[in-house]
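Asker: Okay, here's what each chain looks like letter by letter:
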Amino acid sequence: MNLAYVQATSGDGDKPRLPGSLHVNRRLDQWLRIHAEGLVTITPGKVELGQGILTALAQIAAEELDIAFARVRVQAAATPASPNEAVTSGSLSVQESGMALRHACAEARAIHLSVAAQRSGVKLEAIRVEDGSFLGPEGPIGSYWAQADDALLACEASPGSRAKPPAARRIAGSAAPRLDLPDKVFGAARFIQDLRLPGMLHARMVRPPARRARFTALRDGALPGDARVVRDGSFLAVLASEEAIAEAAAARVTARAEWDAEDTLPESAEAWLRSAPGEDSVVVDRTEAAPEAAATLHARFFRPFVAHASIGTCCAVARWEGDQLEVWSHSQGIYNLRADLAKALRVPETQILVRHIEGAGCYGHNGADDVALDAALAARAAPGLPVRLLWSRAEELGWAPFSSAMLVEIEAETDAAGDIVAWRQQVTSQGHSSRPGRNPKPTLLAVEHVADASEIPAAINPPLASGGGAQRNAVPAYRIPRLQVGLRRITAMPVRSSALRGLGAPTNVLAIESVMDELAAKAGADPLAYRLRHLDDARGQAVLRAAAELAGWETRAKREGIGMGIGYARYKNSGGWCAVVAEVAAEAEIVCRHLWIAGDVGEAINPDGIANQYEGGAIHGVSMALKEEVRFDRRRVTSDTWEAYPILRFSEVPAVEFRLLARPEEPPLGAGEAALAPTIAAIANAIHDALGVRPHRMPFTAANLAAEMDAAGGG
Amino acid sequence: MDNGRDGDAMLAFTLNGEPAEGAPPEGASLLHLLRGSLGLSGPRFGCGEEQCGACMVLLDGRPGYACTLPAEAAAGRAVTTVEGLGTPEAPHPLQAAFLAEQAGQCGFCLSGILISAAALLQANPDPDEAAIRAALEPHLCRCGSHNRILRAVQRAASMMRAAP
Ligand code: FES
Ligand code: FES
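Line order of the protein sequences matches chains A and B.
The first sequence: position 405 = 516 (the working numbering), numbered continuously.
The second sequence: position 32 = 810 (the working numbering), numbered continuously.
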């Protein structure tokens, strides 16, 4: 639920269209401030998630203002002053926040230059800006710093572009170093987990033994130090002056608490998707003239629930002063969090202040919002004092929302030449967004546990116009005359699901790209050539060719136990393009040894940051493809340690080569999610190349592949 | 006994080259002590179970998991955290190399990784890639910054060999 979602689902009013988030946050002073001491503060509503967005936004501002990059300060978002940019998600921050800032800064520059022209009598066209100083033909005539006056920017932005032409850009488009990285290599207190406030208390949750459980009693016993219990219905936490005491107390209370627990989780994720109640909809249904079908291929793909699995555990600090609540959070959407806190706590939004502080990478909607309500509830027991609540590793892997398990079934028909004439795809999944702020009912975990409980509504799928959820990338990019794509959204949610990097794209792209390889084989065509002959999108063709060239695809040789595969997608069919070639080796487990990736995100604000994001997304994809599966019994998630939920380690990480296709004239697109799905597909195709077995079930572990071989052998 | 404090037992050790002391509550880990009364933020909590490496510190020069080491284990010994490797004014070659390679995304894993890398380069000034991967195997990085991290450690190794 980024801005694209908000705009796709609500009216925009009658005001003239402005770029990105500027359209709904129109005042220039919501975006930047010029200081007499030679600095500019930008105040975007998007937040740093480890993706480097603040650096890219600072580059855009420095570029349009014509000031040195080092003069830009970025202020972290906080309600109510920051622009409301909804959620930092969907790889949309450069489009939404970046384009707003580009326009706002260009306009601020124009305003300042006209003031300088008026004061000096120098013609506007004759003024140059050099690192913030205004130079006329005769020399300096002023600067932003000398003219700094908040009143100048206390106005709405106006339509019409004043931004520099692409060829004039120098800072936007360069590999500027990350602004946040120095703090991180020197161990500075930059993360929410590092926040220390005077008088701060430490809180820990005491979780029930089941997803659905009612607190019944707490057996008597001492607590360590100054620890005390906070309870609201079945919401149970402990508070203490030191972390060690809070942790020891949580362990003791966990051992002493009694619950009425219920079996509510399904026997298996796949059986659940097949049998659970759902709601059907049509994603695409198009029929064009096509040759007669000569052959039909059926295939069915499954991905289990997967976890965000951040390295840092979720954390929030909350403080009540009377009926005013202040919350420090690493949420991806501070205004949406504020809305759900207000609903859950039954206080008006105006009494809640939410400040963003960075957390560890979150990769989507993890427990960052949940823990903010946990902290606010715990802090009620300590009026006036800040209360820091930190989740455990078991909570992070066991209680945060997951990405839904998915089933994708495809039936493809080809003509006598092997070309595609018809394609039917059916996607079955829970919803992929349960983010706060959208539903009349709050979606924060603790609302199901407090005395005044409410049920968290089932996750939804955003409309395709804003990228979709389960149906994200369910529409193949290839030329297909008769195409039907259907979606069944499961309407119950025993295992809570929400947005995780790529949403439905990883499973949809796995399914589509696996079927493309099968069809190519049946047509006797090379997988690359077969894709190219079904793809009209020139930029898609270009990334496919570039990845193949990087990998030496055309001259690859067949080697025993080694396979190469290719995967392609344009993220959301509207975002960044990506093609990946993967090389795998079949050892005791499948090992991904090498990835060759080509990408295209239009104008590259920071090419090094884009390379970092593509590679990071691809490695996430390798991990998801080969290792990840959330496991549960009838009561609780059991994969709640790193041992039970392994992710890729250093010994397993492939070498990565990346090529970014330069498109400085094209609008910029996000990079964080583009590589994940095509990487998974490339690995599946490489496994088929190595072993002759088609993986239909993630993760591609030796055990799952052995089951596929048995099934194939048993015919 | 159950007041959470083991009397006033003062614990004295060397922290990043300076004398340090603390009176941690009973059962406190070294990580609790470092992040608590000693006010450090470099060593991070990721799991508490020796499975992620976010909390790694050097104890007398050898890497150890601060999350499971009892605070008392530090008594009389030398503890080094990422804050003790270097500063923005005088960075450790590893810190300079991580910045040069822009090795990191969210950066939450980096303090622990820098500590293990420092121990590796101390013991082996010219590690090959396999040796670096092996030394960093205890560390998780969810952002996928691994290859940049491997390059940064190699860069630091050659910087240190060039200017010992
Ligand atoms: S926090 Fe110590 S290894 Fe994870
Ligand atoms: S950089 Fe985010 S976990 Fe390593």
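Just so you know, the hints here were simulated from the structure itself, not pulled from any lab data.
All values derive from a computational prediction rather than experimental measurement.
Every residue gets a Cβ at the ideal spot worked out from N, C-alpha and C, and that includes glycine.
One or more of the hints may lead you astray.
To be verified - Not the full set, but computed from the structure, chain A residues with beta-carbon under 10 Å of chain B: (1) Q162; (2) S269; (3) G298; (4) R301.
Unchecked claim - Label-pair distances were calculated between CB atoms; the ranges are: (5) A/G344 to B/E799: 42 to 48 Å; (6) B/A908 to A/R670: 19 to 25 Å; (7) A/S379 to B/A801: 48 to 54 Å; (8) B/T792 to A/G332: 37 to 43 Å; (9) A/G332 to B/G839: 38 to 44 Å; (10) B/T792 to A/S565: 49 to 55 Å; (11) A/R745 to B/A908: 41 to 47 Å; (12) B/A908 to A/A668: 24 to 30 Å; (13) B/M788 to A/R339: 40 to 46 Å; (14) B/G817 to A/S379: 47 to 53 Å; (15) B/A801 to A/A181: 41 to 47 Å.
Asker: Taking the beta carbons of A/G344 and B/E799, is their distance inside 42 to 48 Å?
Answerer: holds (43 Å)
Asker: Grab the minimum C-beta distance from A/G298 to chain B and call the hint holds if it beats 10 Å, violated otherwise.
Answerer: Constraint on A/G298 satisfied, holds at 3 Å.
Asker: Assuming the hint says 49 to 55 Å, is it satisfied by the Cβ distance from B/T792 to A/S565 or not?
Answerer: holds (54 Å)
Asker: Interface hint check: A/R301, Cβ to nearest Cβ on chain B, cutoff 10 Å. Holds or violated?
Answerer: Cβ of A/R301 sits 8 Å from chain B, so the hint holds.
Asker: Using the Cβ atoms, figure out if B/T792 sits within 37 to 43 Å of A/G332.
Answerer: Holds - the Cβ-Cβ distance for B/T792 and A/G332, about 39 Å, lies within 37 to 43 Å.
Asker: State, for the Cβ atoms of B/A908 and A/A668, whether the hinted interval 24 to 30 Å holds or is violated.
Answerer: holds (25 Å)
Asker: Against the range 19 to 25 Å, how does the distance between the Cβ atoms of B/A908 and A/R670 compare: consistent or not?
Answerer: holds (21 Å)
Asker: Check the following: the C-beta atoms of B/A801 and A/A181 are separated by a distance inside 41 to 47 Å.
Answerer: Hint holds: Cβ distance 43 Å, inside 41 to 47 Å.
Asker: Is the hinted range of 40 to 46 Å satisfied by the C-beta distance from B/M788 to A/R339?
Answerer: violated (27 Å)
Asker: CB of A/G332 to CB of B/G839, is that within 38 to 44 Å?
Answerer: Between A/G332 and B/G839, where Cβ atoms are some 42 Å apart, the hint holds.
Asker: Was the hint right that A/Q162 lines chain B, CB cutoff 10 Å?
Answerer: Holds. Min distance 7 Å.
Asker: The hint names A/S269 as touching chain B; please verify it with the least Cβ-Cβ distance against 10 Å.
Answerer: violated (37 Å)
Hints 2, 13 from the earlier list are contradicted by this structure; the remaining hints agree with it.
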